[in-house]
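From just these sequences and the hints, can you work out the full model?
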Amino acid sequence: MLKQNLTNSIKMLVQNKIRAFLTMLGIIIGIAGVIMIVAVGAGAQSVILNEIEGVGSNLLAILPGNTEDEGPPASVFGITITTLTNEDVYSLLDTEEFPYIEAAAAFVQGSDIVTTNQTSRQESFIGAGYQTPIVESFEIEQGHFFTEEDEKSLAKVAVLGFDVKEELFGDDEAIGQKIKIGKHNFKVIGVAEKRGSSGFSNDDKNIYVPIKTAQKLLLGINHVSFARVKISEEKYLDEAEEEIAYKIRERHDIPLGTLDDFEVRNQKDALETLTTVTDAITMFLTAIASIALLVGGIGIMNIMLVAVQERIREIGLRKAVGAKKSDIIIQFLVETVFITLFAGIIGIILGIIISYLIAIIVQSLGYAWDFKVTIFSVILSAGVSGIIGLLSGIIPAIKAGKLNPIEALQYE
Amino acid sequence: MKGPLIEAKNITKSFFNGEIETKILHELNFQIEAGEFVAIMGPSGSGKSTLMHILGFLDTPTGGEFYFNGQNTTELDDNELAAMRGTTIGFVFQSFNLLPRTTVLENVMLPLLYQKMSQSQRTKQAKEAIEAVGLSHRITNLSNQLSGGEKQRVAIARALVNNPSVIFADEPTGNLDSKSGLQIMQILQDLNLMQGHTIILVTHERYTAEHAARIINIRDGNIESDGPVNERILAKNEVELKK
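One line per chain: the protein sequences are A and B, in this order.
Here the first sequence is numbered in the numbering used here, starting from 1 and rising by one per residue.
Here the second sequence is numbered in the numbering used here, starting from 1 and rising by one per residue.
Quick caveat, the hints were computed from the structure, so don't treat them as lab data.
Don't take each hint at face value.
Claimed, not checked - No more than 25 Å apart at the CA atoms, straight line, and that leaves these computed lysine-lysine pairs for DSS-like: (1) Lys116(B) with Lys324(A); (2) Lys11(A) with Lys116(B); (3) Lys152(A) with Lys178(A); (4) Lys156(A) with Lys216(A); (5) Lys324(A) with Lys23(B); (6) Lys178(A) with Lys216(A); (7) Lys205(A) with Lys178(A); (8) Lys156(A) with Lys183(A); (9) Lys179(B) with Lys3(A); (10) Lys11(A) with Lys127(B); (11) Lys402(A) with Lys116(B); (12) Lys11(A) with Lys124(B); (13) Lys116(B) with Lys325(A); (14) Lys3(A) with Lys23(B); (15) Lys3(A) with Lys9(B).
Said to hold, decoys possible - Calculated Cβ distances over 12 Å to all of chain A for the following chain B residues: (16) His26; (17) Met52; (18) Thr88; (19) Phe91; (20) Ser95; (21) Ile139; (22) Gln145; (23) Gly181.
Being a predicted model, the structure only gives us computed values, none of them experimental.
Glycine included, every Cβ here is placed at the ideal spot set by N, Cα and C.
What follows is the structure, given as structure tokens:
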């Protein structure tokens, strides 16, 4: 009987191809949407995760200003806060006081016209502490990174990221060449290895100059944008977080119980915050996609009501030859569930294809975006479309089951 | 002792439109034995279709009792009525009522879908029924590829397939040309004479009714006459219908 009902359903589908397709479209779009949104959410999270893993999990970040525990840093809102300085960062390099701190570096960012013999273009530069390669775990391929002396003496030297070296000098030797940032000449002393993009930033496009040089000559400021501290082992993270905060609080003369003017964050906190945000966005978008599912369900209900009306005589005949009310109800329910499930499967396949294309496109833009479609979202989508079929099939099926065979047979 | 196949005792049928009662059938009494070929005749509105619906378990009487094979069927519920239709009744309709874009075999098999049996048994019975109406060469054709006469033969095969106690034919020739109509009536007559099927025919056409052995004339919900087919009755009916 079930087999017969399924055969019927397939026949209905084949006989009314266009109508069936239009009927299914709502479900297809809804399911594809849900699959895609969940995949995009997972992809975005993977970018964040890769970003954080890229810089290392035993890093602490020191940010100027303060915000609520879970909120984004103040700099996100475009507010410049000048409370964090180089001296704060230097104070952490005392190996007796902080034996677990492996390295620390402060950073500022800016952008200016960068000129070489061949080209002139707007580039962004990073004023970085001399321990940056240790903090960010990368090697210098040619030449060397700038030293503590370079930093203290405001040396006009620069280290190029792998890509920026290619852009500015092509295959030519870059070490020893002069570049001009704004009005100042810098000597290229090193080229970093290719690091690949991690997360939202491409470190291969960085031009590094000593932080003090950047502050005094290029930007005319005294504060730093943020600092990163590398802890020797992950188990010291909590202790380090606390003691660093204590140290800087002491340096800034902040009495106990008042709000700090800086913030120490570890990468785990950042990860959790961002995950919470992306989860919320994913949920929100999924809810929107679900509306498409709802509309699709109503569409299917509508078309099944029409189908019942069109097939009144068939229903009458079936009843005349012995079909019970329940036989008719089951027949129409099976048909509706079949159509929605079929639509759901098309939607799942479409969703996976679109998610895959998105992943390819985003990856080609240089982001570490993972293509992730979970079995959970597939099963959930299939389940949801089955339930929608069942729900939207109930009313038409009961209507069909209730038909009086005599009236149905005489229906014109 | 075996009683009649069908026994109607004071069967009435009324329709209600709010408070207003319209009586369609007035206390009908008759018996039909197994193996009979009965034509129920009467002008339109006489109640002959309503009677057929009751005898075919598509409808229930408002009053009186209807015995089928000695069993009082008046109190059966919807599912029991459906089961009766599925196992003891075969219907042939004026407008064929075949499933469109469905093969002859599938159409004939339809009543068996609601019976518990193996698919191979269904196919076997359906093929036998199709053979009985001489359409074995059309078995895989779609219903809409058939002529009117062939369609009605498929419908007869469908009515035969569950080996019913009674075949009801409601104006079976009404949508056919006279030649196809004659063929259909001959098939029904053969089923009755050669294979002993009980056939109840509802019609208002003389040439259709004359294939039966007995005619029950209905007029305004009453039995006007009930007896063997003879020229007088047929001629009278023809005159009546032409009025």
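Return the numbers of the hints above that this structure violates; sort them in rising order.
-> 5, 9, 14, 15, 17, 18, 19 and 20
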